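Undergrad: So the chains spell out like this:
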Amino acid sequence: MAEWPLRDKICMVGIGTTAYGSFPETDSYGLGAEALGKAVADAGLSYDDIDGLIVNRIPSYDRFAEIVGLNPRFTLLTETPGRFSAISLMIAAQVLAAGEASYIALVYGNNGRSQRMMYGGGAGTWAPWGMTSPGAIHAMMYRRHMHLYGSTSEQLAHIAVAFRKHAGLNPNAVMRKPITIADHQASRFICEPLHLFDYCLINDGAVAWIMTTAERAKDLRRPPVYVSGFARQDTLVESSTPDPELWYPALERVAAQVYDRAGIARDAVDGLMIYDNFTPTVIFSLEGMGFCPRGQGGEFVRDGTLELGRGRLPTNTSGGHHSESYMQGWALIAEAVRQLRRDECGARQIPDCDVVQYICATNCATSIIFRR
Amino acid sequence: MASPTAYRKPLPTIDVWNKPFWDACREHRFIAQKDNRSAHVWFPPGPVCPTNRSSDWRWVDLSGRGTVWSWVAFHQKYYDGFESEMPYNVATVELDEGPRIMTNIVNTTNDKIHIGMRVGVTFHDVDDGLAIPLFQPLAEGGR
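Line by line, the protein sequences give chains U and X.
Going by my numbering, the letters in the first sequence line up with residues 1 to 372, in that order.
Going by my numbering, the letters in the second sequence line up with residues 1001 to 1143, in that order.
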């Protein structure tokens, strides 16, 4: 089979992140503008170089471009769910490969904390029965997983504990106080069987990435991080109700493509960034990519498998959505880049980090493999 | 204005495709669209059969029976109208005719609900213009 044409052709060359927390004095435009400024400087570029712009979670692409003074030749606003972080990256890679832009800035800004965002309530197909919120869908899916495979709530606790431990090594993380398995189990139910500590944070902040071609990336300020491969498979049929296969077939299809496309084997992955909106997605992601057999994700994450310095698959070394910041995949991908640069992560650096894989288990399942 | 007994739960969002469903609920009939050629039954209602994209379909009465696929209990308040029932349950029910829906399991307690449980439809009359389909346990072995 011919090599995937985009393999190692596109690079992440600039990263900018704001502080994370509650910032009612600004908004997603203000936060996004700050992150963009940092990313442009990090790349060693000027605003005049930026000729592509993708904005996410910021309400208006034209207002944002007006604020930061950009007239790109490619501009796009992507949908708000977190699955669109990887999708935005994939679109940018394709636009760059097609020559429709030279340097694309991708900017995410979220002020959900200061807006008291609930991620539930309102109208919807199932609202008459009180069914609402992404967390409840995951609770429904994980109950099914428990039924089919004998997995437990306690197994999810190991995920939350590992990510909190990592956040303790990240000065920019929102939640840094260590938690125990018992703390997780004692935390209140939000939507049973999921506890509070199975849920991600809600906070304000912004992330920006600058992407360009591998050719152009050579001359920039920081060493390039290569987008070696990516793949996506959607599960939209009958998606008004939870997928009876828990997204496994889609993830399996993504796994069948992403390693081949990157030319990198699963065993060569040094660290993972897993979209952790709720702890069960970590299990779905690990099973779907084949790190463990289907149904055994709960057992797999016990005993520190995902913990830096302990397990063989350090995962969400920043603390992830559970403990660093809920930046809907954007900060996880920023962390992947920083890990691969090897000089920005301090105490949370993965030793000899060559390859990091991002995985997002949703009804638009995605994965991206990055290498240095 | 609102009396203490006023119905405070969210009301359905009626569109051109689901209006016949909600009209039937008012008469305590539980219906769905069925494709005339493929015999596929689907929910929520839509303009064409999602398997063969045909608009040659009709509304059919369903058995109103199904099996609990999974369920959750809400401890967090998202709707004022459900607050007094917390932790209230929501189940995904696989109907005998194929489609999966989400609903509340009533006339039982949360500790009795389990995956694989057989349930059947019942209706809560909100007023003359609206009835909400809910599900309740069928006797064990209930078909």
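Hints are computed from structural coordinates only; laboratory data are not their basis.
Because the structure is a prediction, the values reported are computed rather than measured.
Glycine included, C-beta positions come from ideal geometry on N, C-alpha and C.
Check each hint, because a few of them may be wrong.
[To be verified] Derived contacts from chain X toward chain U, CB cut-off under 8 Å, selection only: (1) Leu1011; (2) Thr1013; (3) Val1016; (4) Pro1047; (5) Pro1050; (6) Trp1069; (7) Tyr1079; (8) Thr1092; (9) Arg1100; (10) Ile1101; (11) Asn1104; (12) Asn1107.
[What the hints assert, rightly or not] Label pairs and their calculated CB-CB ranges: (13) Leu1138(X) / Gln257(U): 43 to 53 Å; (14) Asp1096(X) / Thr125(U): 15 to 25 Å; (15) Pro1047(X) / Gln94(U): 44 to 54 Å; (16) Ala182(U) / Leu1011(X): 38 to 48 Å; (17) Ala214(U) / Val1060(X): 51 to 61 Å; (18) Gly290(U) / His1075(X): 32 to 42 Å; (19) Ser1038(X) / Gly69(U): 27 to 37 Å; (20) Leu1138(X) / Gln94(U): 46 to 56 Å; (21) His1124(X) / Gly99(U): 22 to 32 Å.
[To be verified] Which bits of chain U does chain X cover? Going by a derived footprint, with three or more residues having C-beta under 8 Å, they are: (22) 86 to 94; (23) 99 to 113; (24) 184 to 190.
Undergrad: Of all the hints numbered above, which does this structure not satisfy? Sort the numbers upward.
TA: Hints 3, 4, 12, 15, 19, 21, 22, 23 are the ones this structure does not satisfy, whereas the remaining hints hold.
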